[in-house]
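Each chain, letter by letter, is given below.
There are 2 protein chains.
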Amino acid sequence: MTRRPLNLVPFVSVHNMMRLVNAIGVERFLTELAGFVEDDFRRWPAFEKTPRLASHSIDGVIELMPTSDGTTYGFKYVNGHPKNMREGRQTVTAFGLLADVATGYPDLLCEMTILTALRTAATSAVAARHLARPNSRNMAIIGNGAQSEFQAVAFKALVGIERVRLYDIDAWASAKCAANLARHGIAATICADVATAVEGADIVTTVTADKQCATILTDNLVGAGQHINAVGGDCPGKTELHRDILLRSDIFVEYPPQTRIEGEIQQLPPDHPVTELWRVIAGEVAGRRSVDRVTLFDSVGFAIEDFAALRYVRSKLALGGFHEDLDLLADPDEPRDLFGMLHRSAIREAVSA
Amino acid sequence: MTRRPLNLVPFVSVHNMMRLVNAIGVERFLTELAGFVEDDFRRWPAFEKTPRLASHSIDGVIELMPTSDGTTYGFKYVNGHPKNMREGRQTVTAFGLLADVATGYPDLLCEMTILTALRTAATSAVAARHLARPNSRNMAIIGNGAQSEFQAVAFKALVGIERVRLYDIDAWASAKCAANLARHGIAATICADVATAVEGADIVTTVTADKQCATILTDNLVGAGQHINAVGGDCPGKTELHRDILLRSDIFVEYPPQTRIEGEIQQLPPDHPVTELWRVIAGEVAGRRSVDRVTLFDSVGFAIEDFAALRYVRSKLALGGFHEDLDLLADPDEPRDLFGMLHRSAIREAVSA
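Just so you know, the sequences run in chain order H and B.
Note that the first sequence ends on residue 353 in my numbering; no numbers are left out.
Note that the second sequence ends on residue 1353 in my numbering; no numbers are left out.
Keep in mind the hints are simulated off the structure, nothing from the lab.
Values in this document were obtained by computation on a predicted structure and should not be read as measured data.
We put the CB at the ideal spot given by N, CA and C, even for glycine.
Take these hints with a grain of salt, some might be off.
[As the list claims (entries may be wrong)] EDC-like cross-link-like pairs, simulated, lysine to aspartate or glutamate; straight-line CA separation at most 20 Å:
hint, chain 1, residue 1, chain 2, residue 2
1, B, Lys1049, B, Asp1069
2, B, Lys1083, B, Asp1059
3, H, Lys83, B, Asp1107
4, H, Lys83, B, Asp1039
5, B, Lys1083, H, Asp107
6, B, Lys1083, H, Glu276
7, H, Lys49, H, Glu38
8, B, Lys1049, B, Asp1100
9, H, Lys49, H, Asp39
10, B, Lys1049, B, Glu1038
11, H, Lys83, B, Glu1038
12, B, Lys1083, H, Asp337
13, H, Lys83, B, Asp1333
14, B, Lys1083, H, Glu38
15, H, Lys316, B, Glu1349
16, B, Lys1316, B, Asp1039
17, H, Lys316, H, Asp59
18, H, Lys316, H, Glu27
19, B, Lys1083, B, Glu1027
20, H, Lys83, B, Glu1027
21, B, Lys1316, B, Asp1100
22, B, Lys1316, B, Asp1107
23, B, Lys1083, H, Glu349
24, B, Lys1316, B, Asp1059
25, B, Lys1049, B, Asp1059
26, B, Lys1316, H, Glu349
27, H, Lys316, H, Asp100
28, H, Lys83, H, Asp107
29, H, Lys49, H, Asp100
30, B, Lys1316, B, Glu1027
31, H, Lys316, H, Glu38
32, B, Lys1316, B, Glu1032
33, H, Lys49, H, Glu276
34, H, Lys49, H, Asp69
35, H, Lys316, H, Asp107
36, H, Lys316, H, Glu32
[Said to hold, decoys possible] Partial list, computed: chain H residues near chain B (C-beta under 8 Å):
hint, residue
37, Arg19
38, Ala46
39, Asp59
40, Ser68
So that you can see chain H by itself, here it is in the shape it has in the complex:
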């Protein structure tokens, strides 16, 4: 078939995403990506927002997360299946797409398993930059699975975290995390329990994966002035923090209608006061009010973060060599002759046979 530009959509495979991240360097990638996230948080009101469209099953959830800024449309397909890990699969896999609002034609299809891990970490670090105490240098990470290193490296690059204290119910996961972080100059201490990991931490990141209400962090473990970066609780019935922590924290969220269903605050009445993170980033409201307040970023992930991440990747396509062209869109010579295109294809097949 004659390849013409209109039918082709740039596709960034997993292989090319890894090449792109490594070519840029993961810390620089996270830093630049955080800039795109901040830009899009600053213009939050410009976006079309809707709670994600979720299809729940016994084993997990499959979600579509669309948004649009009126010029570009984006969505992500993402699943969450905690049991996958035990079968050698990823708990979360994802891919995403950007399209031109004016024509509806996609202009990027992109793996997002790796990119989601990067954007989640970048968003957490952006939030902490506005919410954690200045000069925060050490962080506890509770849950040392696939997302944990991305969090640590983003907090190093963007917040200045130098040391992490790790805890996981599986010591192997902590050892893997520590080994990966050593290559990035982050000192990691593996702890025997949550209390040891959390003690004295400037920032506490919870990033566990079980699909259930768990109390990873109890109230007595949280000290004055700590910032809690709660990443793991992200669907109905899945939380990580004891309710009492929430009651004495200043709570910051992405998109309240979604977070009230999926986040830690599903444990609270629907009118419990929360602050939208974008207002802090836009300078409309204060983040941390004093050094001894407990701040909580109740992160569930929102479509605008994926949108920002896809925009960032799209901006890097000009580097060349990091994408393939995918024959995704029908492009008949004459747009009203889709049927005739089928016929001409048959002729070409016959001629070339």
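Please arrange chain B on chain H, whose structure you already have, making use of the hints.
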């Protein structure tokens, strides 16, 4: 990178979709596809149903259409931009995906610009088989754009239509349609106006594309016993039929909550009686009640039809040679070591450089 099965998703490009349709033959393809559509309509209650998630703009709409039968999840991305045609683009482009509900892992990514045209035509023909008078042999087609030939060929293959009468505001479109249909043994007459095309037709198919309330068909043109297959009206503010036609028709729809917003019946009160097509196909209720009733299939397209079409294509992958493997999913050797996979990729790049 080491390619292992878990990261690969079968992808059917536009080129391969055309090869597949031509290898099977378009009439047989439509007939077999109609069988999948009927199968899924018969088990309609088993599906998770939701109105599509639409992002509207001045120029058009971008939609996500998900559904699930509890075992397989599917969704379609589709745009509708009437002005595209004038710029050499398709009014409608689409792609779709199937995934395993148990793991959330996609198992088919597929072009759906061509496949949507085929499934829309197959669904229309399935409906007509249950709703049109027996021995219907001639059909009027109002609007002779990209979808028109698919409709005619599906109605030939599934309903027994032998002759079509064509009308379009652009005579070129009618000529193109007639020429394409001649190759399928369908006799086409190009008519100078709607009234001439419609007169005496057993079935009237309206498939125009403007995004506005138009009155393509007025009440005086519709005769006793005709079946109207209204395909073109499919979003808020976009209709083709005069309200009076609706008031004297037996109306059949796909999914009432969606059709009341998008279909011809957006012109009627929200409690106007309609019959769900699946109930007719499942044998629960009658379709045509007598030879002189006017029946109307107010078609807007529903996710379950796309699901059936994707299932059909997936069933054909075993033929071999009609798909590529797409490196869409990250598959680290150890699922909790996504970060380490990045590192190992960098080492491989360095070694191979």
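Is the hinted pair H/Lys83 and B/Asp1333 satisfied, with a Cα-Cα distance of at most 20 Å? holds (17 Å)
- Message: Just to be careful: measuring from the Cβ of H/Arg19 to every Cβ in chain B, is the smallest value less than 8 Å?
- Response: The hint holds - H/Arg19 has a Cβ within 8 Å of chain B, the shortest such distance being about 6 Å.
message: Holds or violated: H/Lys316 and H/Asp59, Cα atoms, limit 20 Å.
response: Violated. H/Lys316 to H/Asp59 sits at ~36 Å, over the 20 Å cutoff.
Is the Cα-Cα distance between B/Lys1083 and B/Glu1027 20 Å or less? Distance ~30 Å between B/Lys1083 and B/Glu1027 Cα, so the pair is violated.
Interface hint status, H/Ala46 versus chain B (Cβ within 8 Å): violated (13 Å)
| query | Taking only the CA atoms, is the gap from H/Lys316 to H/Glu32 under or equal to 20 Å? | reply | holds (11 Å)
Taking only the CA atoms, is the gap from H/Lys83 to B/Asp1039 under or equal to 20 Å?
Violated, at roughly 31 Å.
- Message: Just to be careful, I want the Cα atoms of B/Lys1083 and H/Glu349 compared with a cutoff of 20 Å; is the pair within it?
- Response: violated (32 Å)
> Straight-line Cα separation of B/Lys1316 and B/Asp1039 no greater than 20 Å?
Replying inline: Holds: B/Lys1316 and B/Asp1039 sit about 17 Å apart, inside 20 Å.
| said: Given the hinted pair H/Lys49 and H/Glu276, is their Cα-Cα distance within 20 Å? | reply: holds (14 Å)
*Given the hinted pair B/Lys1049 and B/Asp1100, is their alpha-carbon gap at most 20 Å?*
Judged against 20 Å, a Cα distance of about 17 Å means the pair holds.
- With a cut-off of 20 Å on the C-alpha distance, tell me whether B/Lys1083 and H/Glu38 pass. It is violated: about 34 Å lies between the C-alpha atoms, which goes past 20 Å.
In this structure, the earlier hints numbered 4, 6, 11, 14, 17, 19, 20, 23, 24, 25, 28 and 38 are contradicted, and the remaining ones agree with it.
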